Amino acid sequence: MSIVVYWLEAPGTPAMQTFDPGQLMPALQFCEEKRKAGKRHVSLSSELTESVGRAGVSTVEARLLPDGSPYDWTKSHRGAGPERSGGQG
1 MSIVVYWLEA
11 PGTPAMQTFD
21 PGQLMPALQF
31 CEEKRKAGKR
41 HVSLSSELTE
51 SVGRAGVSTV
61 EARLLPDGSP
71 YDWTKSHRGA
81 GPERSGGQG
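Count the sequence shown with full-length UniProt numbering and you get residues 1 to 89, in order.
Hints in this document: simulated from the structure, not taken from any laboratory. Among the clues, some could well be false.
Claimed, not checked - Just the calculated beta-carbon pair ranges, DEER-fashion:
| no. | residue 1 | residue 2 | range |
| --- | --- | --- | --- |
| 1 | Asp67 | Asp20 | 20 to 28 Å |
| 2 | Leu64 | Lys39 | 43 to 51 Å |
| 3 | Ser46 | Asp72 | 25 to 33 Å |
| 4 | Ser46 | Pro66 | 17 to 25 Å |
| 5 | His41 | Pro70 | 42 to 50 Å |
| 6 | Ser76 | Arg40 | 43 to 51 Å |
| 7 | Ser69 | Glu47 | 35 to 43 Å |
| 8 | Arg35 | Lys75 | 46 to 54 Å |
All of these numbers come straight from a predicted model, not from anything done at the bench. Glycine residues also receive a C-beta, built at the ideal position from the N, C-alpha and C atoms.
All chains, full assembly: derive it from the sequences and hints.
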C-alpha cells in the first residue's frame, strides 16, 4: 500500500483507494475521475519505498550518513550568486 487516494464520498464520509507503488499513473487518472465526478477533497498520498529512506533516519553525524557513506553537500556555494575576486563588488 504505497499510494493512497483519499476523497469525500459525501459530506463527512471519507473514502480511500490504494494502489501499488508502480501504479502512479492509474492513481492520478483515478484522482481525475473522482474530481470529474464531483467528489471533494480528492488527494493523493504516496510513500514510495524507492524514494524514502529508512524510517527514523534523520541525522548526519561527523559528515557521515547512517549507512557510513560520506555526506559532503554544502549550501555555502549554492544560490549565493557569482563569486567575486580582486575585491571588486
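Here is what the structure says about each hint:
| no. | hint | result |
| --- | --- | --- |
| 1 | Asp67 / Asp20: 20 to 28 Å | holds, 27 Å |
| 2 | Leu64 / Lys39: 43 to 51 Å | holds, 47 Å |
| 3 | Ser46 / Asp72: 25 to 33 Å | holds, 29 Å |
| 4 | Ser46 / Pro66: 17 to 25 Å | holds, 23 Å |
| 5 | His41 / Pro70: 42 to 50 Å | holds, 43 Å |
| 6 | Ser76 / Arg40: 43 to 51 Å | holds, 46 Å |
| 7 | Ser69 / Glu47: 35 to 43 Å | violated, 23 Å |
| 8 | Arg35 / Lys75: 46 to 54 Å | violated, 38 Å |
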